[in-house]
Amino acid sequence: APLAGVLLAYRLKRGKEDPERLTERRGLTTVARPSGPLVWVHGASVGEIMAVIPLVERIVAKKFNVLVTSGTVSSAKLCEQRLPAGVIHQFVPWDSPRFVSRFLGHWKPDLALFTESDLWPNLILMSSERQIPLILANGRLSERSFNRWRHAPTAIAALLGRFDLCLAQSPAYAARYRDLGAPRITTTGNLKLDVPEPPAERESLQA
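Residue numbers (my numbering): 2 to 208.
Calculated from the structure, these hints are not laboratory results.
Mixed in with the good hints, there may be bad ones.
[Stated by the list, open to error] Lysine to any residue pairs mimicking SDA-like chemistry, simulated, CA-CA at most 25 Å apart:
(1) Lys193 <-> Ser36
(2) Lys193 <-> Leu206
(3) Lys78 <-> Leu194
(4) Lys63 <-> Arg22
(5) Lys17 <-> Leu206
[What the hints assert, rightly or not] Simulated restraints, written as ranges between beta carbons of each label pair:
(6) Gly190 <-> Val7: 21 to 31 Å
(7) Thr31 <-> Gly6: 35 to 45 Å
(8) Ser171 <-> Pro134: 39 to 49 Å
Note that beta-carbon positions come from the ideal geometry of N, C-alpha and C, so glycine has one too.
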């Protein structure tokens with residue numbers, strides 16, 4: 002937290018932050034929380050957001066409010082273009098207790114879905130402490146990451162143990178999550194393989 006200003010300025014200079022939305026990285030926002038149940042879906046970047054858009058559409062169809070968070074400028078632009086009307090996008094706050102507390106205190110999500118392998122300790126632990134049900138969706142864990150986490154078994158078990166459900170892309174990923182301490186695991190397949198083709202202008206596509 003003490004270095005947030007310096008780091009944000011550095012990232013802004015490199016074009017990695019939106020100058021008009023820097024406060025969201027500190028857990029602040031001018032957007033009001035909608036009334037009623039709110040489902041929070043987090044994806045790291047463009048690939049993860051692309052994969053969860055159909056899932057977000059299904060959740061919206063069931064009349065739930067949805068908040069989507071991501072961490073890159075390009076993913077924010079994709080959300081602006083592709084998310085259903087009424088879905089709110091915010092940049093995910095930096096993983097400092099101060100910023101995460103502000104974020105959770107404002108949005109008060111009723112359910113949180115983290116996609117793939119973007120696991121932030123404070124987001125996970127503080128959400129769990131607020132009794133927000135946590136689901137790991139489209140979970141994947143490379144062999145390299147698996148072997149690295151095996152050197153810190155207590156730390157990864159403390160994170161994965163907070164998830165109420167882990168939905169893994171494959172049996173191999175499911176086995177790795179199980180070995181690292183995830184308590185409830187189901188293999189569902191890769192959401193990215195179920196995503197419809199992106200929209201395209203017909204004449205340009207033919208050309």
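The hints, checked one at a time:
1. Lys193 <-> Ser36: 31 Å, violated
2. Lys193 <-> Leu206: 21 Å, holds
3. Lys78 <-> Leu194: 22 Å, holds
4. Lys63 <-> Arg22: The hint is violated at about 30 Å.
5. Lys17 <-> Leu206: Violated. Lysine 17 to leucine 206 sits at ~30 Å, over the 25 Å cutoff.
6. Gly190 <-> Val7: 21 to 31 Å: 42 Å, violated
7. Thr31 <-> Gly6: 35 to 45 Å: Violated, at about 20 Å.
8. Ser171 <-> Pro134: 39 to 49 Å: Because 24 Å falls outside the window, the suggested range is violated.
The structure shown violates the earlier hints numbered 1, 4, 5, 6, 7, 8.
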